[in-house]
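Chemist: Full structure from sequences and hints, please.
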Amino acid sequence: MKQKPLILTLRLDAESQAFFGGLRQRYFPRERNHLEAHLTLFHQLPEEAATRQYLEELRQKAFELQVTCLRHLGVGVAYVLQCDRLFALHRELSARFRAALIAQDRYPFRPYITVQNKVSPEVSKALLAELSQSFRPFTVAATGMDLWEYLGGPWKHTGFYKFNELKDELDLSEV
1 MKQKPLILTL RLDAESQAFF GGLRQRYFPR ERNHLEAHLT LFHQLPEEAA TRQYLEELRQ
61 KAFELQVTCL RHLGVGVAYV LQCDRLFALH RELSARFRAA LIAQDRYPFR PYITVQNKVS
121 PEVSKALLAE LSQSFRPFTV AATGMDLWEY LGGPWKHTGF YKFNELKDEL DLSEV
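Position 128 of the sequence shown, counted from 1, bears residue number 128 in full-length UniProt numbering, the numbering being contiguous throughout.
Rather than coming from a laboratory, the hints here were simulated on the basis of the structure. It is possible that some hints are incorrect.
Restraint-style ranges between C-beta atoms, simulated for each label pair [what the hints assert, rightly or not]: (1) 53 / 133: 41 to 51 Å; (2) 121 / 49: 41 to 51 Å; (3) 56 / 94: 29 to 39 Å; (4) 96 / 122: 36 to 46 Å; (5) 4 / 36: 16 to 26 Å; (6) 58 / 13: 36 to 46 Å; (7) 160 / 31: 35 to 45 Å; (8) 59 / 136: 29 to 39 Å; (9) 158 / 122: 22 to 32 Å; (10) 159 / 132: 29 to 39 Å.
Quick caveat, the model's predicted, so the values are computed rather than measured. All C-beta atoms in this analysis are idealised placements derived from N, C-alpha and C, irrespective of residue type, glycine included.
Modeler: Pasting the structure below:
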């Protein structure tokens with residue numbers, strides 16, 4: 001029996017998730033919208049007990065990300081996110097799963113959340129212009145990672161890996 005790919009996404013705080021989810025519900029074609037808004041970390045991780053165990057044991061503090069701009073995808077629109085800690089987490093996970101990564105997951109990491117896709121270029125350009133009028137950079141919080149099983153369209157949630165609470169990091173350099 002062929003195993004289904006595992007997709008790893010970043011979980012955001014509830015308020016941010018509701019914001020992006022609302023936009024996706026409004027602007028993504030209904031017949032193609034099988035998913036909540038998400039930030040994909042990896043499109044296919046190995047379906048092995050070791051994958052889940054590694055994610056469970058990974059110690060990561062919650063962190064904030066900057067939503068910096070909008071990106072035109074040609075046939076959709078996405079919000080771009082930036083955070084050094086997110087890039088460091090992605091590098092760590094990439095190193096751990098290097099041998100199993102598919103080509104799509106070996107490309108440079110460019111984190112974004114798609115709110116519209118699979119529409120005509122004209123429709124996506126109009127939404128980009130509309131959203132750009134009121135866009136101002138803002139901050140969201142990463143609270144964990146979700147693991148999903150790909151079902152050929154929809155995804156099935158199979159695990160949540162919570163980050164530690166968001167706290168100011170201690171500066172021990174002066175101790």
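Chemist: Does each hint fit the structure? Answer for all of them.
Modeler: Hints and how they fare:
With their beta carbons about 47 Å apart, residue 53 and residue 133 fall inside the hinted range of 41 to 51 Å. Under the hint 41 to 51 Å, the C-beta atoms of residue 121 and residue 49, about 44 Å apart, fit the expected range. The given range of 29 to 39 Å is broken by residue 56 and residue 94, whose C-beta atoms sit roughly 18 Å from each other. Our hint of 36 to 46 Å for residue 96 and residue 122 holds, since their Cβ atoms are close to 42 Å apart.
For the pair residue 4 and residue 36, the beta carbons lie near 19 Å from each other, so the given range of 16 to 26 Å is met. Between residue 58 and residue 13 the CB atoms are about 19 Å apart, so this pair departs from the stated range of 36 to 46 Å. The supplied range of 35 to 45 Å is broken by residue 160 and residue 31, whose beta-carbon atoms lie about 28 Å from each other. For the hinted restraint 29 to 39 Å between residue 59 and residue 136, the CB-CB distance of approximately 34 Å keeps it satisfied.
For the pair residue 158 and residue 122, the beta carbons lie near 38 Å from each other, so the given range of 22 to 32 Å is not met. Between residue 159 and residue 132, the C-beta spacing of about 36 Å keeps the proposed range 29 to 39 Å intact.
Going through the hint list in order, the structure does not satisfy hints 3, 6, 7, 9.
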